[in-house]
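Number of protein chains: 2
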Amino acid sequence: MRRSIATVSLSGTLRQKLEAIAAARFDGIELFEPDFISFTGSARELRQQAADLGLGIDLYQPFRDFEGMPDDLFRRSLDRAERKFDVMQELGCPLMLVCSNTSPASLGDAERAAAQLHELAERASRRNLRIGYEALAWGKWVNLYRQAWNIVEKADHPHLGLILDSFHTLSLRDDPMGIADIPGERIFFVQMADAPLLAMDVIQWARHHRNFPGQGQLDVVTFFEQALLAGYTGNLSLEIFNDVFRETPNRRTALDAMRSLLFLESECKNRLAARAQEGTDEARAPAATRALQRLDLATPPAAQPLGGFSFIEFGVDEATGQALASTFQALGFAHTGRHRSKAVDLFCQGDIQFVINTQPGSEARQRFEELGPSVCAMGLVAPDPVQAANRAVALLSARHTSPLGPNELQLPAIISPGGAVVHFVRAGSTLDADFVAPVPRAPAPQAGGLTHVDHMALALAHDQLDTWTLFAQSILGLGAGESLELADPFGLVRSCALTNAQRNLRLVLNVSKSQRTRTAQQVRATGRSGGGVHHIALATQDIFATVQTLQAQGVKWLPISPNYYEDLLARLDLDEALVRRMQTLNIVADVSPGGGRFLHAYTEPFADRFFFEVVQREGGYDGYGAVNAAVRMAAQENAHQRASAGQ
Amino acid sequence: MRRSIATVSLSGTLRQKLEAIAAARFDGIELFEPDFISFTGSARELRQQAADLGLGIDLYQPFRDFEGMPDDLFRRSLDRAERKFDVMQELGCPLMLVCSNTSPASLGDAERAAAQLHELAERASRRNLRIGYEALAWGKWVNLYRQAWNIVEKADHPHLGLILDSFHTLSLRDDPMGIADIPGERIFFVQMADAPLLAMDVIQWARHHRNFPGQGQLDVVTFFEQALLAGYTGNLSLEIFNDVFRETPNRRTALDAMRSLLFLESECKNRLAARAQEGTDEARAPAATRALQRLDLATPPAAQPLGGFSFIEFGVDEATGQALASTFQALGFAHTGRHRSKAVDLFCQGDIQFVINTQPGSEARQRFEELGPSVCAMGLVAPDPVQAANRAVALLSARHTSPLGPNELQLPAIISPGGAVVHFVRAGSTLDADFVAPVPRAPAPQAGGLTHVDHMALALAHDQLDTWTLFAQSILGLGAGESLELADPFGLVRSCALTNAQRNLRLVLNVSKSQRTRTAQQVRATGRSGGGVHHIALATQDIFATVQTLQAQGVKWLPISPNYYEDLLARLDLDEALVRRMQTLNIVADVSPGGGRFLHAYTEPFADRFFFEVVQREGGYDGYGAVNAAVRMAAQENAHQRASAGQ
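Taken in sequence, the protein lines are chains A and B.
Under full-length UniProt numbering, the first residue of the first sequence carries the number 1, and numbering increases by one thereafter.
Under full-length UniProt numbering, the first residue of the second sequence carries the number 1, and numbering increases by one thereafter.
Chain A extracted, bound-state conformation (with noise of 0.2 angstroms):
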């Protein structure tokens, strides 16, 4: 399919917007009128510019208030129009949003607006050019789909057609399964956004908070599915609203974007093959056979069921690595390993593997260099490691290869959002081969009963949070969950869940809307680039047992507010007993309405960066203790305030 963009998606100005737009090899642009009437050369000059970056200039975009409008005024939109369309023919732009009218002047009747449209079409078509109509979610009379292809139906002229918006649709909670109705040759383009669900006016909603595919709540195969089932072969093309894409690295948002489109294909190929197969939908399924005939939709790897992480990779230096070998140790885990060639350890409990890489001049202690202790590389359990790196590639995430000592493993890799490398492991394997038993530097300590890893949380820059919740979607399969805003002393964090289906792969995104929480400070001190490890949460069945014997062997648990047991037994109906114990040794606790449990204790912050979790889920409970995350946070800044008053 021909792949565009509006230029609004991006930040920048508009040469900057079309060599983002470029880069990530789109077809064309939607070119939104402000940037070009902001834009300094002249309308062919831009024509040419667009034409020198391979980029069609597919949709002129909008024009507002046009159709139903009395007489004198529907005249003067008309003079309005040729003006536009003089701009048309010098950009070589052939086709025209018009969307549906919010003026207060406007006139609720259907046969004048398509009269008018009818007009506008006849004018358009002695230049050659078109237009499309689409229905504005917040239009006066008509903001709906099937309102507007009413009209256009009415119109009858064949250089009128129907524009459709996936936002302005589903926003509305409006039904898109009769888009496939349409004859597809009369849908003249499609705009797709996704979006988060927002309790909010919608034109707020659509201006501010609209994202793309893969990175908001809304329906969005289903809707592009169904224009294809109609036979729509036009542009894909993504028309983003979004207040942090303004100033998000364009490159990065154009990176983005094309991702999403190349997932949203896939995602709607999978469909209509299931469609064209089964049989399970008879009167569609010769219209998903024409569609999977006639278009080139991407085709990707098929995406791997991930299981869990194999192993965490520190990137420090010598000193650092000290620290961290001894709060490992301290937490339990063995020294099992040294690399057979480079500065690497291996430390293990239960079926966690966390490496510390110290080796001077490579990528891990380039990264420390850089952000400071963090994880560097981690691996994933695939059931075809291979499978999945070459999807991870095919949806744009760049491959990484390193170089490799004699008879050492080759993981497929990739590089995520912010740089950490992602390994793909096949299950059950180790990193064993590479390691040999390292020279005992201290007793081993007692094993805490740590299972395996819970989930990891980053700290992000909040223009990486839709940028690494479309990587965790498209490429590491996850689905999202829980979204929250989390209360810290010095501002709100907000916090997204993702998970596959199986529960054993859990990321939390977490992401400070103030510039002077912790979490903030944390990913300044990483750069603008993030992902940056925020905790990493480590399961056991008996956190009773677990905090015991670490707090035994050195590791020091964060101290929770005495009031905080107080409130717990006034708020749940937990056995006091219980709570007193939980109190000794600084375990919190969540329960979910289904009876589901979640105790966890946190551990001080390593080097003021990241701090691990002990967590023990029961009866089925599925989130992360959220509502402890303010006390966490309050006692991490109170820790905090004692270590910088030296007390």
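It should be emphasised that the hints constitute simulated quantities derived from the structure, not laboratory data.
Note that identical chains are pooled: a pair holds if it fits in a single copy or bridges any two copies.
Derived pair list, reagent style SDA-like, types lysine to any residue, alpha-carbon separation capped at 25 angstroms:
#1 Lys140 / Glu482
#2 Lys513 / Ala206
#3 Lys556 / Asp590
#4 Lys513 / Asp201
#5 Lys342 / Phe435
#6 Lys140 / Pro593
#7 Lys556 / Glu318
#8 Lys513 / Pro34
#9 Lys556 / Arg15
#10 Lys342 / Ser429
Start from chain A and add chain B according to the hints.
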């Protein structure tokens, strides 16, 4: 009145909040429960800390989902309440806020709710505690104060009363005029919050966007006056959920909070006095008189109707001063004076006085070292300058005094947020007395026909907007006008206009919502204090002559895209010859529905920090040409990129 504030309204740990609240001389706090739950000490320790700071713990809040429950849940909630009563007794806190139930399990039976609240009040009475019941705007059954009062009346217990919150009433557009009919002694507490009018779900609005009286658009004065007419004599308290306040330095927030209460009290006092004296409201006159006799409402000197800008003073070093002098001369200003004893120069045109202060060691010069080139002081015309300054000081502005030379003018002055000095100047007076004729340095420029300062725009850090809005409204007596979001190539900029009734003093506050706009960069360059000048708009009655004359003297006007003028012709009913003349001179235009017109042109920036604008208002145009801001900001970005590229 006893003044208090909820701890949720400020940033920081609870200990830091208490210190900030005490420093602003509040009498007490509303203890927001999550702050207590995170507090590291016990209830007794908190009570002691508050007492040591001279603060009472006046309200414990909130207690949720209590009334109207099925019996079993009611019993559990009573147990929960008893545990909270324990805490309150330790805290020495006499009053608990119960907000109306939002639980799906609650029943909409007012009799049941009343009986359960009666039982709660009875239990509270045994410990000499009291219960205040408040209608939450999103309560499941009760969301209006009338409903809450109805239940309180039904419950009929002396330890149960009503709590009022201006936000919960005014956000629902409910009429507060019935409050005066409630017996004042049955109102146990009044929480005040203002808010901007936003089109969003009331819960989101309430949790993220409340602000202090005088910062928003709700009629908080009428609301509070109603409570006073009812005979209420309890706390005047603030409960503000605001994302920005959560990260604003809490000493400033606390000072703004107290200022907002003093302002609110004085506005209410004026209303009550008018009601009591004029006999326009016979029914309420006795209540108004009683309230005035009983209450010690704040009485700052009366607000002065300020006039326009008398002078604007720039603090710079010698080199920047030279450049600025050249800019002023190109703009048609005559160098009319040299200060008698200091390195300070005066430039005049029409009624405009610009001052360049390069005096080594002066505050102006220190401000330059800190912020770079900016406005260090301004003079505002006031009928009674001493009273104007006294009012500001009564409303917590710091008074400014500077060392005076012999026979120098002494102007009453205060410090504005961000640190610039505001002098108050009698109408018609000039600075001439302090200045002597300068040595002519260059041929006198030709005057450009500039008559007065139309408006001054400031670039503020995002946490300065509410602070400045309150300062402008309470101390400068300005009213809030349009508030718009403007699209810079790298993000949105919110622009809020304030003006006096006579329309001769206009301020525009610009806040970047993005970190990457030029406005944001400018704010960062000045450090967090903000308050740097963004641009100064100067009025003319013939913008064509002005622009041409000044251009001949070397003023560089920001080049506007030719596409802008094509769009102007399409969009507005303007004479083509006029538009082409505008195009040659880079003049842009806006029109208002009533036939008003605004022609304006922007200079290129001075030292990459601020620019001048020349404006011509016609036909009662009352805006600021915001429709052209996107074109301006794109042009500034293009100019900056060209300059950076060395072209």
